[in-house]
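Student: Sequence order for the protein chains is A and B. The opening position of the first sequence corresponds to residue 186 in this note's numbering, with each subsequent residue numbered one higher. The opening position of the second sequence corresponds to residue 186 in this note's numbering, with each subsequent residue numbered one higher.
Please keep in mind that the hints were generated in silico from the structure rather than gathered at the bench. Please note that the accuracy of each hint is not assured.
No copy is singled out in the list; a pair is fine if it fits within one copy or between any two copies.
Below, in silico cross-link-like pairs of lysine to any residue (SDA-like), each with a Cα-Cα straight-line distance of 20 Å or less [claimed, not checked]:
{"id": "1", "residue 1": "Lys354", "residue 2": "Glu436"}
{"id": "2", "residue 1": "Lys267", "residue 2": "Leu221"}
{"id": "3", "residue 1": "Lys365", "residue 2": "Gly337"}
{"id": "4", "residue 1": "Lys196", "residue 2": "Leu221"}
{"id": "5", "residue 1": "Lys483", "residue 2": "Gly287"}
{"id": "6", "residue 1": "Lys327", "residue 2": "Thr345"}
{"id": "7", "residue 1": "Lys365", "residue 2": "Ser426"}
{"id": "8", "residue 1": "Lys327", "residue 2": "Thr205"}
{"id": "9", "residue 1": "Lys354", "residue 2": "Gly237"}
{"id": "10", "residue 1": "Lys196", "residue 2": "Glu456"}
{"id": "11", "residue 1": "Lys327", "residue 2": "Glu223"}
{"id": "12", "residue 1": "Lys367", "residue 2": "Ile390"}
{"id": "13", "residue 1": "Lys199", "residue 2": "Glu410"}
{"id": "14", "residue 1": "Lys327", "residue 2": "Pro222"}
{"id": "15", "residue 1": "Lys367", "residue 2": "Gly333"}
{"id": "16", "residue 1": "Lys367", "residue 2": "Leu432"}
{"id": "17", "residue 1": "Lys327", "residue 2": "Arg209"}
{"id": "18", "residue 1": "Lys477", "residue 2": "Glu456"}
{"id": "19", "residue 1": "Lys327", "residue 2": "Gln204"}
{"id": "20", "residue 1": "Lys327", "residue 2": "Gly213"}
{"id": "21", "residue 1": "Lys267", "residue 2": "Ala245"}
{"id": "22", "residue 1": "Lys327", "residue 2": "Leu221"}
{"id": "23", "residue 1": "Lys267", "residue 2": "Arg220"}
{"id": "24", "residue 1": "Lys327", "residue 2": "Arg220"}
Keep in mind the model is a prediction, meaning the values are calculated, not measured.
There are 2 protein chains.
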Amino acid sequence: MPLSEFDVIRKYFKPADRQTADVRCGIGDDAAIVRLPEGMELAIAMDTLVAGVHFPLDTAPEDIGFKLLAVNLSDMAAMGAKPAWATLALTLPEADSDWLAGFMQGFNDLAGQYSVSLIGGDLSRGPLTISLQIHGYLPQNKGMLRSGAREGDLIYVSGTLGDAGLALKVLNRELEVDPKYKPLLFQRLNRPEPRIELGETFRDIAHSAIDISDGLLADLGHIIEDSHVGAVVNTDLIPLSEALAELDTAEALQLALTAGDDYELCLTVAEDMQASVDQTATEQCPLTCIGKITSPGKGIQLEDADGRAVRISGVGYRHF
Amino acid sequence: MPLSEFDVIRKYFKPADRQTADVRCGIGDDAAIVRLPEGMELAIAMDTLVAGVHFPLDTAPEDIGFKLLAVNLSDMAAMGAKPAWATLALTLPEADSDWLAGFMQGFNDLAGQYSVSLIGGDLSRGPLTISLQIHGYLPQNKGMLRSGAREGDLIYVSGTLGDAGLALKVLNRELEVDPKYKPLLFQRLNRPEPRIELGETFRDIAHSAIDISDGLLADLGHIIEDSHVGAVVNTDLIPLSEALAELDTAEALQLALTAGDDYELCLTVAEDMQASVDQTATEQCPLTCIGKITSPGKGIQLEDADGRAVRISGVGYRHF
């Protein structure tokens with residue numbers, strides 16, 4: 186006998202409901218009821234993964250569960266919010282126990298790390314489409330918006346860029362890499378690490394922030410558009426992993442600037458904060474200054490270390 | 186040139202962001218940021234509609250937009266919460282302007298009625314699947330749970346039951362009705378009326394509540410299971426519309442008890458509240474006492490007016 190909706194909820198979802206004190210009513214009623222600690226506001230974001238669009242059809246359910254939460258947590262990181270609860274809208278063709286167990290395993294791997302509790306959602310039959318809404322705490326009037334960048338700000342990115350894009354090209358047999366790089370590249374594609382601690386640290390430092398989901402140019406583009414500024418990026422400073430560094434330079438740069446799916450943070454900070462930013466960087470989370478916010482009008486200008494204009498093609502992932 | 190993701194957000198979603206004072210950051214950043222008025226808790230629910238599963242493929246986009254919000258608002262009604270904000274995860278095969286305009290028209294028809302603001306979400310390409318998360322206010326420690334029913338409670342339902350189920354059977358040519366009933370029946374199927382005011386009124390009166398989405402037997406079943414009680418329902422008292430009343434009695438009863446998709450409320454209240462409940466009923470929102478909460482052990486017993494056991498087949502919509 187196939188699993189019923191209620192079996193699925195009881196067996197796979199309920200264990201992910203941590204029943205924390207701030208949740209008065211979790212999974213199992215018409216709605217969840219949550220309380221906010223005094224002085225806190227709520228950051229909420231929702232991201233969807235569609236089979237065959239956001240991940241290859243043969244992706245392991247563990248990786249899907251992990252990535253679903255990771256991409257949502259990345260939005261919390263970009264706001265500087267502390268993750269609290271998630272709700273899940275899971276649409277799947279059949280209630281397959283193995284798939285569900287794997288999916289929730291991957292979800293819980295990451296949820297445990299950040300004490301994220303699953304407090305509700307909806308289960309439907311249909312083509313595999315998964316939406317997660319994430320909720321996080323923000324102290325009153327805090328939160329890094331895309332609209333806060335100021336002329337003269339330094340532009341920082343965390344980690345390295347282009348790895349997930351390269352992994353996808355390797356999977357699709359469009360590019361080849363030394364096999365030694367594959368585990369790390371696939372880790373970057375399937376199990377991106379949301380920069381939660383970085384976001385919380387920078388909440389009081391950065392003028393603006395965004396997570397790099399559609400590619401640096403597209404996402405930095407949102408910052409300069411919403412902040413009514415421009416930007417100069419020194420392409421020689423873009424942080425690349427060893428795998429990327431071994432590619433043809435133009436190819437590597439295009440991946441790093443336009444491929445997306447890396448879920449690193451792009452932050453802008455006042456120039457006089459440089460020392461304290463550099464202190465914040467760790468081996469696990471390097472921070473690289475790649476450019477500067479300028480006056481509005483010219484969009485994002487790409488230059489090499491000698492100040493010569495750099496051209497690349499493509500402008501980031503288009504959803505339509 | 187097809188619409189880009191950002192065109193769609195700007196043209197169709199942004200106008201539904203009412204920019205109310207409790208929303209510090211709405212559509213357009215990595216996350217929305219909301220504030221809760223003092224003394225309030227937050228009720229959150231998420232419901233998904235999948236094309237071909239939750240609505241026929243040729244359903245008008247206006248009706249899909251309306252129903253998506255309606256089924257979510259119905260969860261707020263069932264908790265007694267006052268709706269505030271929604272987030273939308275819209276996955277659709279292509280960014281079709283006419284479809285999007287119609288969909289948002291239907292959404293806004295209902296959102297305007299309850300001042301619901303669209304504050305964020307995600308737009309993806311894929312098979313038509315739409316998840317909405319709704320957020321509503323609840324005063325501290327209020328909210329009608331499924332677990333609060335007590336032995337001796339009277340069981341009430343709002344409106345009439347089985348209309349949406351009959352409409353679907355008419356659409357599928359499994360049943361015929363007098364054409365004069367069709368507009369009302371299709372209205373019930375496509376534009377269900379969430380019982381928001383009723384929920385807010387009963388928040389201080391009812392011991393338990395649920396909205397009838399999967400059929401009365403299935404949904405009342407959740408109440409008796411979560412409350413550890415039983416129930417007796419007098420099938421002669423089930424409120425039926427004229428269209429249902431003209432059907433064969435067994436057929437009408439089966440639709441009313443098992444078809445679901447009506448989004449009426451089922452409430453249980455202490456017996457001594459009967460007079461005040463009856464005063465609450467209006468022509469637009471009749472309330473009918475259909476039975477009583479009993480001691481646990483026998484599930485839901487169906488009886489006719491003479492106390493004879495009534496049998497029906499089917500137990501409500503199964504999602505898997």
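Student: Among all the numbered hints in the text so far, which are the ones the structure does not match?
Tutor: Going through the list in order, the structure violates hints 3, 4, 5, 6, 10, 12, 15 and 21 and respects the others.
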